[in-house]
Amino acid sequence: MGEESSPAAAPAVEVPSYFMCPISLEIMRDPVTLSTGITYDRESIERWVFTDGHGECPVTKQRLAPADREPTPNHTLRRLIQGWCAVHAVERFPTPRPPVDAARVAAIVDAARPLLRRRRQREELMASLRELADIVAESDRNRRCVQGASGAVEFLLSVVKERTSVAGVDDATSAKPEETTCGGVHDPAKASSPEEAALSILHSLKLSEESFKRVLEDSGGEDFLETMACVLRRPSYLSRMQGIHLLKSALPAMAPARLTSASAALVDGVVGVVADRPSAKAVKVALHVLCRLCPWGRNRVKAVDAGAVSALVRLLLDEGCGGGGGDRRACELAAVAIDHICGCAEGRLALVAHPAGLAAVACAATRLPAAAGAESAVRALHAVARHSATSAVLQEMLAVGVVARLLFLVQVGASGERTRARAREMLKMHARVWRDSPCLASHLNASYPR
2 MGEESSPAAA PAVEVPSYFM CPISLEIMRD PVTLSTGITY DRESIERWVF
52 TDGHGECPVT KQRLAPADRE PTPNHTLRRL IQGWCAVHAV ERFPTPRPPV
102 DAARVAAIVD AARPLLRRRR QREELMASLR ELADIVAESD RNRRCVQGAS
152 GAVEFLLSVV KERTSVAGVD DATSAKPEET TCGGVHDPAK ASSPEEAALS
202 ILHSLKLSEE SFKRVLEDSG GEDFLETMAC VLRRPSYLSR MQGIHLLKSA
252 LPAMAPARLT SASAALVDGV VGVVADRPSA KAVKVALHVL CRLCPWGRNR
302 VKAVDAGAVS ALVRLLLDEG CGGGGGDRRA CELAAVAIDH ICGCAEGRLA
352 LVAHPAGLAA VACAATRLPA AAGAESAVRA LHAVARHSAT SAVLQEMLAV
402 GVVARLLFLV QVGASGERTR ARAREMLKMH ARVWRDSPCL ASHLNASYPR
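Residue numbers for the sequence shown follow our numbering, so the first one is 2 and each next one is one higher.
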């Protein structure tokens, strides 16, 4: 058979250099100019400045003041590019839609706000939320516009709060297969309820700490925390993942007094994400939140009551305590959380009562890096050895290999000097019980610190 004939290749057309974006090196679809006088394609420069966080002009390296970071549309150059494309039979780019402004966002929010508590007008509320979702998805500029529009974020939070309390947990649909896989970003336009749509939009907005501070000052941190507690109790894995991400982003903007007043329901929801593991990323985010909450007030006791010790120990065991092919970062965060929890008597009691608790933490101490998990794991064991060292506990630490691992840390010293010093202190603290025990191998007995 002969070769398939192909049409003659069109002659190459040289594109004028000033039609090319300095970042993407492609013809500009929507040329915009910075205060430095350099023109870029809008998508490329907005990604450079706002998404990637660069504060300078890519070409001139000149620093951009916050007021100068919004580019100005270059309509003259856009018309030149479109005319050149028409003459040279190059694909013509459509005229960009006018950018969304805060007034349009405010109008959508004002029209939707009266629909919030009217269950019969659910579809009208969903239509408004879908319109907001389309605006946010269109560009980074629109996302920033919605985030900065007066009352928009507050409205979305009120939808989540009011509709979640009206619908209740029982009305929420169970997790769908695509939600449990957590493979991509959820499309708010496909949400099945107003609270899911609003939660997805909030997640897509990637709210800054400044935005959270503004919202929390206006509405109160307690209301936000209670709303997140309701979200984290929903059966939908996707809603819980989006809720835990929002909570993690909001915590740096909260005063310690608000963290101290976190409810048992909120802590229970955070621990539930760790226990259920909707995705690897969601688990790490939940561990970050747990570590942030535990130092304040009675949050450690609330975490123990929610079953945190059992969930954390199971995570360590399933991930190989930081060794092998497990998720080392998750194990590091779990060790830090256990360290926090062992700062209270209830936490130490729960760790000792768990059949594999002491063994798992000791294993993590020898497998995790010194700067992260190993030091926290040894500190948790140190708290048990100092404050909860009954005869039975000391014998268990000997039987499950905790003492042998402490000796390893003292001998090798790979986990840092502070970790090594704590291990040596524990061994000396209980030398009368452990040093001459028949349960300790003879070669370990010889290396026992004197």
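Hint data in this document are derived by calculation from the structure and do not stem from the laboratory. For every residue, glycine included, the Cβ atom is placed at its ideal position computed from N, Cα and C. Be a bit skeptical, because a hint or two may be false.
Claimed, not checked - With a Cα cut of at most 27 Å, we get these calculated DSS-like pairs of lysine-lysine:
(1) K285 to K214
(2) K249 to K282
(3) K249 to K285
Said to hold, decoys possible - Here are the simulated distance ranges between beta carbons:
(4) G298 to P236: 21 to 31 Å
(5) D53 to E163: 30 to 40 Å
(6) L350 to P100: 50 to 60 Å
Comparing the hints with the structure gives:
1. K285 to K214: Holds, at roughly 24 Å.
2. K249 to K282: Satisfied, since the Cα-Cα distance of roughly 12 Å is no more than 27 Å.
3. K249 to K285: 10 Å, holds
4. G298 to P236: 21 to 31 Å: 29 Å, holds
5. D53 to E163: 30 to 40 Å: The hint (30 to 40 Å, Cβ to Cβ) holds, given that D53 and E163 are roughly 36 Å apart.
6. L350 to P100: 50 to 60 Å: 59 Å, holds
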